[in-house]
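The task is simple: from the sequences and hints, build the whole structure.
So the protein sequences, as listed, match chains A and B. Count the first sequence with my numbering and you get residues 1 to 94, in order. Count the second sequence with my numbering and you get residues 95 to 262, in order.
In short, the hints are calculated from the structure, not lab data. Don't be surprised by glycine CBs; every beta carbon is placed ideally from N, CA and C. It is possible that some hints are incorrect.
Where chain B lies over chain A, by a calculated footprint (3+ residues, C-beta under 8 Å) [said to hold, decoys possible]:
1. 58-70
2. 74-85
In silico lysine-lysine, DSSO-like type, Cα no more than 30 Å apart, as pairs [to be verified]:
3. A:LYS89 <-> A:LYS76
4. B:LYS210 <-> B:LYS178
5. A:LYS50 <-> B:LYS234
6. A:LYS85 <-> B:LYS234
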Amino acid sequence: MAENSGITAEILEQTIRSKLEATYVSVVDNSGGCGQIFEAVIVSSQFEGKTSLAKSRLVNTTLKEEIAQIHAWSNKTYTPAQWEKLKEKEAGGA
Amino acid sequence: MSLFTRSLLRATTRQPFTPTTTRILPPTSFLARYLSDSTRAAIDNAVASSPVVLFMKGTPEFPQCGFSRASIQVLGLQGVDPQKFTAFNVLEDDELRQGIKEYSSWPTIPQLYVNKEFVGGCDILMSMHSSGELSELFEKAGVLAPSEESESTSSTSEAEKKDSTKTE
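Put into structure tokens, the structure is as follows:
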């Protein structure tokens with residue numbers, strides 16, 4: 001693996017926003033700066049009607065080149081409706 | 095039998111892949127790489143080797159990546175029958191490590207297959223575990239370990255306490 005992939009959380013976030021029309025994106029770099037371990041939360045209406053596998057596949061295909069350059073990639077994907085529900089649940093202290 | 099081969103998910107890290115010590119390729123080259131028929135056939139065999147197959151980094155006893163470790167733990171919690179489970183250590187074979195990504199169209203490891211069907215990686219396993227989808231899937235696939243109290247979901251049943259072969 002390369003010492004530094006050159007991929008940053010910002011690059012990933014921008015790509016996700018533009019290509020997946022995401023309404024909410026959070027990309028966290030957990031690599032301590034070497035640019036290899038990322039965790040993403042993505043909310044997009046493009047996920048509507050898809051299974052988790054299909055949602056992740058869509059993200060992985062979209063970010064194929066970027067993911068190939070990093071070591072670890074983790075993503076949680078939600079449709080806007082699922083996201084609202086999750087936030088309500090969190091706000092409710094559940 | 096050594097202690098390690100009797101643990102919860104036994105180390106059936108089979109090796110149908112011939113060692114490829116002379117063919118270590120830089121990680122960026124796999125995008126342009128052609129998945130050869132022989133690699134594809136070897137992965138076909140690997141996927142079909144057990145009802146539940148995990149491609150992981152390290153072995154069930156010694157996972158070498160947090161995501162692989164978490165996946166093994168979930169399989170253990172779910173009560174997957176060790177007799178119906180095989181793990182492949184991708185770190186032992188670079189051809190497998192790159193090939194499985196292309197084979198599954200999935201960029202990361204671990205990767206779980208159930209009855210030859212790709213289920214997903216660690217994130218998907220975790221979310222399916224907490225939503226209950228995973229136990230449903232395993233139940234349907236008939237891959238759970240038989241237990242005396244089949245209705246019991248308690249992880250600390252008497253049967254399990256007595257079973258010294260379980261290490262987790």
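To see whether the hints hold, each was checked on the structure:
A count of 7 residues in the segment 58-70 of chain A with a Cβ less than 8 Å from any Cβ of chain B is obtained; the coverage claim is therefore met, three being the minimum. For the segment 74-85 of chain A, the assignment as covered by chain B holds, since 3 residues bring a beta-carbon within under 8 Å of that chain's beta-carbons and 3 suffice. Distance hint between A:LYS89 and A:LYS76 is fulfilled; the C-alpha atoms sit about 17 Å from each other, no more than 30 Å. In summary, the hint linking B:LYS210 to B:LYS178 is supported, as the alpha carbons are separated by about 12 Å, within the 30 Å threshold.
Distance hint between A:LYS50 and B:LYS234 is fulfilled; the C-alpha atoms sit about 21 Å from each other, no more than 30 Å. A C-alpha spacing of about 29 Å is found between A:LYS85 and B:LYS234, which places the hinted pair at or below 30 Å, so the restraint holds.
Figure legend: structure checked against the earlier numbered hints; every hint is met.
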